[in-house]
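Colleague: Chains as they are written, first to last, in numbering that gives the first Met the number 0: chain A, 0 to 326; chain B, 0 to 153; chain C, 0 to 510.
It is possible that some hints are incorrect.
So the derived label-pair ranges between C-beta atoms look like this [to be verified]:
1) B:6 / A:67: 46 to 54 Å
2) B:89 / A:33: 23 to 31 Å
3) C:286 / A:290: 49 to 57 Å
4) A:109 / C:50: 56 to 64 Å
5) C:53 / A:281: 20 to 28 Å
6) A:201 / B:89: 38 to 46 Å
7) A:133 / B:6: 55 to 63 Å
8) C:248 / A:201: 40 to 48 Å
9) A:34 / C:487: 16 to 24 Å
10) B:88 / C:352: 41 to 49 Å
11) B:131 / A:67: 42 to 50 Å
12) A:62 / B:143: 15 to 23 Å
Derived from the structure by calculation, the hints contain no laboratory data.
Where a beta carbon is used, it is the ideal one built from N, C-alpha and C, also for glycine.
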Amino acid sequence: MTSRISGLVGRVLGTAGVLLTLTATTALAEWPEKAVTIIVPWSAGGGTDATARAVAEGLEKRLGQPFNVVNRTGGGGLVGHSAIVQAKPDGYTLGVITIESAMYKSQGLAGVAPEDFTYLGRFNADPIAVNVRADAPYADLNSLVEAVKADPGALAASGANRGGLSHLAWVGMLGKVGVDPLKANWVASDGSAPALQQLAAGAVQVVSTSPAEARALVDAGEAKTLALISGERSGLYPDLPTADEALNISWSPLPFRGLAGPKDLPDEVVAKVGAALKDLTEEPEFQKFMASRGFSVAYQDAAAFQATVETAAAGLGEAMTAAGLAK
Amino acid sequence: MKLGDRIVGPGLILLGAGVILAAMRIPDVPGVRFGADLMPVICGGGLVLFGAALTRSGLREGGPWASLDEWRVSPRNLASALWVLGGLCAGLFLFEPLGFPLFGIIFMSGLMLLMGARPVTVALVAPLFVLTLYLTFTRVMFVDLPAGVLEGAL
Amino acid sequence: MMNPDVLSLALVEVLQFKVLAAIVLGAAYGLFIGALPGLTATMATALLVPLTFYMDPLPAIALIVSSTAMAITAGDIPGVLLRIPGTPASAAYTDEAYAMTRQGRASEALSLGFFFSATGGLIGALVLLVSGPLLARVALNFSSFEFFWLACLGLLTCALVSSPQPAKGGVSLVLGLLVSTVGLDVTTGQPRFTFGSVELSGGVSFIPVMIGMFAMSEILRGFSASAFDLPAPPKGEVYRPYRGIFSLVARYPMSLLRGTALGSAIGALPGVGGDLAAWIAYGMSRRFSRTPEKFGTGHPEGLIEATSSNNAGLSSAWIPALVFGIPGDAVTAIAVGVLFMKGVAPGPRLFVENPVMPTAIILSFFVANLLLFPLGYFAIKAARRVLSVPRSVIVPMILICCFVGSYAVNNSLFGVGTMIVAGLVGYVMERNQFPIAPVILGLVLGPVLERNFIMSMQISHGNLLGFFERPVAAALGALVCLIVLFTLLRALRRKPALPAGASTIQKGSNG
């Protein structure tokens, strides 16, 4: 009874929503006619924030209105992502989303699911790498994995919170070679910086994080990068082998950054932002900026981006179930 | 509001016990021995412990249980305090529809008048201060404050 | 690093017009942001990022360096005048400084704030110039075990210093720690105490709590009868910036040195340094003082030690970021980002291949800290006007600033709600002699404490002896255990004498 009523209410609201969107679309003959807000779910100064600001600047140049970046942080990105989902779908509030948006649902966190977004386009994707101390007795990924297989609890790995992408990439890879993800010792950390500190201090043995973040420590001779957890080699680090070739598996959890908005954005917005973003990613200046921070430029249009996110959500959901994290 | 340790102590013990119970209801994650519940349990334990210490010293010292003596003040002061509390709470609902400039001017003028400022001063200072602050935040520092009903006018 | 050629080359770099202009502009901007209650150094830096897109690397970094140094120092101004601390670090000594203002010594409190911040900053920069990479290497050896003990040390000192009754200090501390657990747990990503709210799952930010507990509760108290117990700051005070400052240097030279040394050492530890140094310094100052009973009554000694450690720690916080690319706080994280963007990759290779750059960055610390003296002079001169504004005007202005400041934290009304609740709770706590400062520190350091505790437990597989296995951790752990034992013994022994003594001290420290 209750569900029928709520279903009815939902349908009425849905119709109203469609009507609203229609009127919004007609009123919005020339989007954008005022400043657009770009919500960034991560803190100012981080990688996502830096790329978002560069993208916002590029969009501003192409679309003729200010694109203001607003950081809405907290809850492992949940607060910001949910602010994007809940924004009015008029095209004046968009956001930069990251792979975490595909994980909340499996984690049992309400408010953000892959189907809640209108996808506009992806501009970046970088694999996660396996890093160990420079003086560690592992020459390559295979010898490290053999050591983990021999005694999964002895080696402490870190890089993010339990259930964070770093963790899933690592235990997902171990799962593919037959190690029980629940037996592997994962030391939960708040992002990669404290994990790298632990690695340098000798308190953990493995850190899975992007090669860009480990670069300074690698240059210092304190750490070495063994391999990328990915299906294809990176243009920025052509010499790094991939876990797929080394271990003969297929596991490619790619963290991405892309533009999205709330559900039911007007088609005009999708088309205009998509075109502007494509144009921006082809601009040499933008490519130079991204390379300087160690980020690759990986454009995907709205449809391809949506497919990527859906595939990622499914694959990560499996890995999370295996690690006992899914609800 | 003054509360005797005889009330605060047991109150803290109850709070601590409640925290521990709530923390134990956080579901366990397989493979994690030290998880989300550890720190809240420690905090709850601390509250129970310190609450017990306060209860002991409170029972020994006696004194009043609770009193609101400090609020026997002039109606003007009481009204100001209530305006502050009520105004801030109302702000939670009015800030976005009214917008910062209008809400700020109303809230500030009311408090200034209650605190005994001359109407001329109020009429000058409140709009000037609020608008300056609004323009500084939105134009210089790019903090997005809602303009509300004045959208488009500023 | 002290290679004279490098030093002179770096000096030439820093003395360019565009670098100096960036430092001056950054300082003026930082002064403005820091003096507004509720706006923080982190926000100041984040807002500068788009601007740095168009600048050369050195001016860009110099801009960030000088605006942070100034914002953090200027954060003391509302603390001194209105009892609204600008940073968690300045919350350590806000009550002491405001007690001086109540006695009509606001200009002395402001002067010594600026003077010893600048001096501490200068000495700290010198230490870096001589021993930067070495310090970084030492800091890199700190694991979660050492961080855990350090956080314990800071929290303990804070709880013990801020109240004559350890139990009440303890309650405040635990409350702060408890509030810090609200939100998604970092270990497993599970929501804790969020009651299904997305806003709460983002956790409770310390800025609105700090504004509410200090500023709003003080305003509420001002309307109540207890306002008459303590004098309001007198109006006719004569402001003479830096007057009598050298006699303070002569009287408390050890405080300056200890504070600076402590700040430089702890500041270099990524993640905890900046906030902890001032608290530990204040506690240490009281421990070593010949007149510990004067602390909390408007006594300059602890202020000197805490403010000098504050700015000394500020510059060392850059060392792990520059040498190993591990940023310790939001400000250095932003700076690392800006450096990368400019094609200057932080890391030890920077010191070998391009030593002029890091040296020039440290030199810009010198210039920024030198600039604190003259800018402080004007700020103190202007501060007089704040206290001469009638109460019926300044109180509404403060409240509006509090409202906007808590809103701006995350662009949402949730911050405002947090501020109101914190204000009410803070009012009741203070009325009943529960200190407020430990709540703030507990809230700021709670996540640091918890993360490092959980990490350490995971690494040692739950064996508590593992916390004493590494030498530095063992020493820090022993120190913490000793302090706890000592406090317990003393609390048990002098019980009968406590009530009378407590109430007299409390009256002072409350003001």
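Colleague: It remains to establish, for every hint, whether it holds in the given structure.
Modeller: Each hint tested on the structure:
For residue 6 of chain B and residue 67 of chain A, the hinted distance range of 46 to 54 Å is satisfied, since their beta carbons lie about 50 Å from each other. Against the hinted window of 23 to 31 Å, the Cβ-Cβ separation of residue 89 of chain B and residue 33 of chain A comes to about 29 Å, which satisfies the hint. A beta carbon spacing of about 52 Å between residue 286 of chain C and residue 290 of chain A agrees with the range 49 to 57 Å that was offered as a hint. For residue 109 of chain A paired with residue 50 of chain C, a C-beta distance near 39 Å fails the hint of 56 to 64 Å.
Separation of residue 53 of chain C from residue 281 of chain A is about 22 Å and conforms to the stated range, judged on CB atoms against 20 to 28 Å. Residue 201 of chain A and residue 89 of chain B have their C-beta atoms about 56 Å apart, which leaves the hinted 38 to 46 Å range violated. Hint check: residue 133 of chain A to residue 6 of chain B, Cβ distance near 60 Å, so the stated range 55 to 63 Å holds. Checked against the hint of 40 to 48 Å, the C-beta distance between residue 248 of chain C and residue 201 of chain A comes to roughly 42 Å, which is consistent with it.
For residue 34 of chain A paired with residue 487 of chain C, a C-beta distance near 59 Å fails the hint of 16 to 24 Å. Taking 41 to 49 Å as the suggested C-beta distance range, the pair residue 88 of chain B and residue 352 of chain C does not conform, at roughly 58 Å. Distance hint for residue 131 of chain B and residue 67 of chain A: a CB-CB separation of about 21 Å, inconsistent with the stated range 42 to 50 Å. The given range of 15 to 23 Å is respected by residue 62 of chain A and residue 143 of chain B, whose C-beta atoms sit roughly 19 Å from each other.
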